[in-house]
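Asker: These are the residues of each chain, in order.
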Amino acid sequence: MEVTAEIKREMFWTMLLARRLDERAWMLHRQGKITFHVSGIGHEAAQVGAAFAIRRGYDWVVPYYRDLALMLALGYTPLDFFLGLMGRRGEPGSGARQMPNHWSMRSMNVVSLSSPVSTQTLHAVGIAMGIKMRKEDKVVLTTVGEGGTSQGEWYEAVNWAAIHRLPVVFNVQNNQYAISEPVSLQMAVNSVAEKARGLGLPGVSVDGMDAFACLTAFQKAVEDARAGHGPVLIETCVYRITPHSSDDDDRTYRSREEVEAHKKDDGLLRTRNTLEREGVLTPQAVDAMEERARQIIDEAAAQAEATPYPPGEEGAFPVYAEEVRHA
Amino acid sequence: MEVTAEIKREMFWTMLLARRLDERAWMLHRQGKITFHVSGIGHEAAQVGAAFAIRRGYDWVVPYYRDLALMLALGYTPLDFFLGLMGRRGEPGSGARQMPNHWSMRSMNVVSLSSPVSTQTLHAVGIAMGIKMRKEDKVVLTTVGEGGTSQGEWYEAVNWAAIHRLPVVFNVQNNQYAISEPVSLQMAVNSVAEKARGLGLPGVSVDGMDAFACLTAFQKAVEDARAGHGPVLIETCVYRITPHSSDDDDRTYRSREEVEAHKKDDGLLRTRNTLEREGVLTPQAVDAMEERARQIIDEAAAQAEATPYPPGEEGAFPVYAEEVRHA
Amino acid sequence: MPEITLIEAIRQALDEELARDDRVLVIGEDVGKRGGVFRATQGLYEKYGALRVFDSPLAEASIVGVGVGAALYGLRPVCEIQFADFIYPAFNQLISEVARMCYRTNGEWTVPMVIRAPYGGGVGGGLYHSQSVEAFFTHVPGLKVVIPSNPYDAKGLLKSAVRDPNPVLFFEPKKGYRLIRGEVPPGDYTVPIGPAQVSREGHDLSLFAYGMMHHYALEAAVQAAAEGISVEVVDLRTLLPVDRETILASVRKTGKALIVHEDTLTGGYGAEIAAIIASEAFTDLDAPVRRLCGPDVPAVPFSPSMQEWFMLNPERILREIRSLAAY
Amino acid sequence: MPEITLIEAIRQALDEELARDDRVLVIGEDVGKRGGVFRATQGLYEKYGALRVFDSPLAEASIVGVGVGAALYGLRPVCEIQFADFIYPAFNQLISEVARMCYRTNGEWTVPMVIRAPYGGGVGGGLYHSQSVEAFFTHVPGLKVVIPSNPYDAKGLLKSAVRDPNPVLFFEPKKGYRLIRGEVPPGDYTVPIGPAQVSREGHDLSLFAYGMMHHYALEAAVQAAAEGISVEVVDLRTLLPVDRETILASVRKTGKALIVHEDTLTGGYGAEIAAIIASEAFTDLDAPVRRLCGPDVPAVPFSPSMQEWFMLNPERILREIRSLAAY
Ligand SMILES: Cc1ncc(C[n+]2csc(CCOP(=O)(O)OP(=O)(O)O)c2C)c(N)n1
Ligand SMILES: Cc1ncc(C[n+]2csc(CCOP(=O)(O)OP(=O)(O)O)c2C)c(N)n1
Ligand SMILES: [Mg+2]
Ligand SMILES: [Mg+2]
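Chains as they are written, first to last, in full-length UniProt numbering: chain A, 1 to 327; chain B, 1 to 327; chain C, 1 to 327; chain D, 1 to 327.
Calculated from the structure, these hints are not laboratory results.
It is possible that part of the hints are untrue.
[As the list claims (entries may be wrong)] Here are the simulated lysine-lysine pairs, DSS-like style, with alpha carbons at most 25 Å apart:
| id | chain 1 | residue 1 | chain 2 | residue 2 |
| --- | --- | --- | --- | --- |
| 1 | A | 220 | A | 135 |
| 2 | B | 220 | B | 138 |
| 3 | B | 8 | B | 220 |
| 4 | A | 8 | A | 220 |
| 5 | C | 159 | C | 253 |
| 6 | A | 263 | D | 33 |
| 7 | D | 47 | D | 33 |
| 8 | A | 220 | A | 138 |
| 9 | A | 8 | A | 264 |
| 10 | A | 263 | A | 8 |
| 11 | C | 33 | B | 263 |
| 12 | C | 33 | A | 132 |
| 13 | D | 33 | B | 135 |
| 14 | B | 263 | B | 8 |
| 15 | D | 159 | D | 253 |
| 16 | B | 264 | B | 8 |
| 17 | C | 47 | A | 132 |
| 18 | C | 33 | A | 135 |
| 19 | B | 220 | B | 132 |
| 20 | A | 135 | C | 47 |
| 21 | B | 220 | B | 135 |
| 22 | B | 33 | D | 159 |
| 23 | B | 135 | D | 47 |
| 24 | D | 253 | B | 132 |
Just chain A, same shape as in the assembly (with noise of 0.2 Å):
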């Protein structure tokens, strides 16, 4: 598939979007106007390497709380996201019961998502058991943090997957970090795709800032478990450049030095130096782009601050599909 000019365009003004929205969440948060943010910053370029790769609203999508970048790419809105962070009615993925960042997005395959890591690796699998026994050419694409795949139940997932030769794209955002703990924690291998080899999979590492890159590297995956050779795993390097939230103190167990450095070679900056060098982007492109963005977002924000928060006692449906009343 032909990466046109516009394509990259869209891919780094989805990168951007996601950028400020997450550090006007960052700001919210300062100002009080928010309890919670988890950050995505760091992990664009990855994410929306994935998204397009595959085709959006058919495949499915089984996403983790860092993928920002991703659901915007899918078509959820930054009011969508304000909503949800400030727990207003109408929040879409869950009329605001749940935190921040725990999306959820029918109309676009894409599945629900809880806090326990890794969970949502077997709901992929099982996606692809049904697209698998209707005989679709579907793909499932689920994201996870490397710390997440420590659990027992992604092994469990990519192993089934590998048995069966189902059509899923397991993506291993690896940020290098589990709050505090280091990869080395995590696993003895050096990458994630050395364990999806010993599960019989292929595995492959990608520079996760380089958002081009891993747009090639999903292209290939989904293109190989459309065709039914099966599942792979894509590890995609990327740095979290913030702490893990805004409850966390990242200065207890990484020196800013490190911090730094990652933020030079950032996949936001990556991109754009890329596309201005190819003529996709001119300084005034993105200038034009970012006040585009800073209006959504303050136009977004605002909407959801005069949004109300739902009645309390919606929280008492729908416990039961019989009780369901939004659906």
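Given chain A, work out where chains B, C and D with the ligands should sit, using these hints.
Answerer: Here is chains B, C and D with the ligands on its own, set in the frame of chain A:
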């Protein structure tokens, strides 16, 4: 370590005793004298290879339910075995609370086993943590079936040991079936050894019908682990010659021809042939061993049958350590 | 009407549901060629193929987690846990995912699925093949919990479970699999999930039970009648949601309540029933609410003597009836 | 005496126990350099080193399972589950192994270990950072379950837990970590596991609570006193084993019982307390046993409005007190 003729004879004797005990258990089941038996026939050579590679009573052992031969090598007696089969008073591992083959022998550092597969693998790792903390040069041997390696807990255990280079020898007794399911329904790779490599530890596959090949492989692994080089996984390729248990009917899922073929290449036969060829054993010596085994087994079975059940009310304790009466 | 066994009723329900709705699939260990270790799926693999009667890896978290995915995709998975004792590896999926998918997505996603498991003691299964696990799940909003006591209900309730838009845990009293026979019409019918059933009318006291204990309760009630005590027996059948109306109506009539279950006493399901009665029928009570339950030890011991000590039986229930009636 | 926070009391207990007994070690996610996400282990890594304050992989089954092994080896592990909501992956280890090691080996092996976890809502944590999980464990013979409500008890009970020869689950009301302060003597003392505590004497009704709800109960009791209602408040503190004597003595005195917990109603811990009272204090009761508990929904929703709807508070408890007093 030199494998003297005496050691070889002892290994053969242990295998033989295990086999005859196991056959007796099947007979007792047919006679309606016991309600359940889970058999180790076909696994003996590999287990004896493992047992003779460790320092028995010094190293730790975390076994699984097929390990009769391993347990005999550790000092478990035929009487212990029959008391377990019949649920009689004085059964040493559990006071007849547990099903047969759920060993425990504290005097020999053999840890108690539950029925849910693979939980024990994590215990082995915890013991190895203690060994490391205390700077001992002990090693932990733990066993499991190949089906058990599908459990997340197994993966987590191996991963943890690999990360911290703990002195554990993980033995997977691959007998090609988990009840009715062939290996191809448990993993996409050709051997469990490959899984180990994906987790960053050496994985070795060895012919489990060859007791001495097993011995050599385990000796090397134990030596490495003891020297602080970290864990090793040894897959012993065996065959479950009997149904899964006395509750199983294996004719529903595998052919008689397959089973018969494996019987012909059984580890006990092979060891006998090897040792006779080497002049370590004579047919007369084997006959004498058979006779000794029969006597021991007859006596033990009779003694167990003559032993009463524990008083039912003993089931009331010890739920808590304060209630222990027999420890 | 033909008399069939409990297990045959379950097999029939599965067979008919697989035939009725091509979204239905069975997932579990040894459910394929082997037809299940209790033969609940005998012949179904041959009839519906390996994709719809699916031999899973030996991994319960996977069985349930993949089931969730399949349900999200639009299928109707019936997951088999080989013994209820082995449901714990799936506990995270059951509590974190299955039970709250509907609630957490405000109904955007639901997981219509059934989780079947044989439970209960008295079968020589020892600590890990005898457990009653219902109380872990009757505390979990979002789940339905069903325990049939007879073939008619088993078939009808299982069909309802398969068609229910919610997740249903379906625990089968395995001691009764072949022991309990009853009339079952061939072909389609359902028994609704929810209502308890007054299986014997009486006026001196109300006896609440389910599963095997319901049979013992009936036996005891017959004997009590011979002594002039009129016992109303209620088969709870659906444990969650609780059928408060039937329970309270019975107690209001008789003024005395005895709750019987095989599971251990403290924190067992009977506590909830007792608490409801104590709160809602206070003025109707002529005697303290009594519970007759398994003793507070971890599970049923193996030795026949201790197993008998653990298990309830009609005689012990009768004694409790006499004592309560005399209050 | 110095006033310290709940979390500081816990930190002190850990620190002093690590210093007192070199068999004690702490295992958990982010407990090392990070000092725990709630800072319960702050400074301990620096003081006792990486082996005794051990950063585990992101895998709760492992944390507990390795803890079991360590305990078998002779150590005294204190396992931290980062949030109680994430204890479910360890459920199999807790139920199948931890709770019944002593029983199943007739006391040959025991697993003295502590499993700590912050629990409870009202902290904006949504469905997966707010759960009360005690009822899953108060049903399990072999476990002890402790929930301290104040710094003095927290320190004294945690020390007792570390020294207990049995496994102890220690749930900490995280909303109170920094909110609740109290006098705590520096240095060593213990509070025994077992006895509940009458924290306020009264004669009109008995109110049973624990954790955060105990504080709300006390507040409500003070307000009730102003209205002329004399409430006896009992801090249950140890949930398993149940302190029947203290509970029954109080109810016999007041004739009325109100049980308050944050966890959802059906099948919650309060059911057992209600059942005990209904059975043992029947003739002393002047009113139905009441339970005031969380609503039967899967867990606390995120949005502040729905969270408030879910959570109990002193006002709601006061209303229930008035209603029961007026009965
Ligand atoms: C089962 C479980 N245990 C603990 C946590 C708490 N927790 C939330 S995120 C996290 C670290 C995740 O690290 P990783 O998987 O690498 O993803 P990242 O956050 O780095 O993207 C932890 C420990 C959790 N959410 N789930
Ligand atoms: C968690 C769990 N699930 C299911 C079972 C039932 N079960 C007992 S043995 C067994 C097969 C084990 O196969 P494998 O690990 O290969 O060991 P083998 O019996 O072949 O030696 C099964 C499914 C169990 N014991 N534990
Ligand atoms: Mg990470
Ligand atoms: Mg096997």
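Asker: Each hint should be assessed against the structure and marked as holding or not.
Answerer: Verification of the supplied hints:
1. A/220 to A/135: 21 Å, holds
2. B/220 to B/138: 14 Å, holds
3. B/8 to B/220: 18 Å, holds
4. A/8 to A/220: 18 Å, holds
5. C/159 to C/253: With a Cα-Cα distance of about 33 Å, the restraint between residue 159 of chain C and residue 253 of chain C is violated, given a limit of 25 Å.
6. A/263 to D/33: 23 Å, holds
7. D/47 to D/33: 11 Å, holds
8. A/220 to A/138: Cα-Cα ~14 Å, so holds.
9. A/8 to A/264: 21 Å, holds
10. A/263 to A/8: 22 Å, holds
11. C/33 to B/263: 23 Å, holds
12. C/33 to A/132: 21 Å, holds
13. D/33 to B/135: Satisfied, since the Cα-Cα distance of roughly 23 Å is no more than 25 Å.
14. B/263 to B/8: 22 Å, holds
15. D/159 to D/253: 32 Å, violated
16. B/264 to B/8: 21 Å, holds
17. C/47 to A/132: Holds. Residue 47 of chain C to residue 132 of chain A sits at ~19 Å (cutoff 25 Å).
18. C/33 to A/135: The given pair, whose Cα atoms are some 23 Å apart, holds under the 25 Å limit.
19. B/220 to B/132: This hinted pair holds, its Cα atoms lying about 20 Å apart.
20. A/135 to C/47: Given that 25 Å is the threshold and the Cα spacing comes to 19 Å, the pair holds.
21. B/220 to B/135: 21 Å, holds
22. B/33 to D/159: 50 Å, violated
23. B/135 to D/47: Roughly 19 Å between the alpha carbons, so the hint for residue 135 of chain B and residue 47 of chain D holds.
24. D/253 to B/132: Roughly 56 Å separates the two Cα atoms, so the pair is violated.
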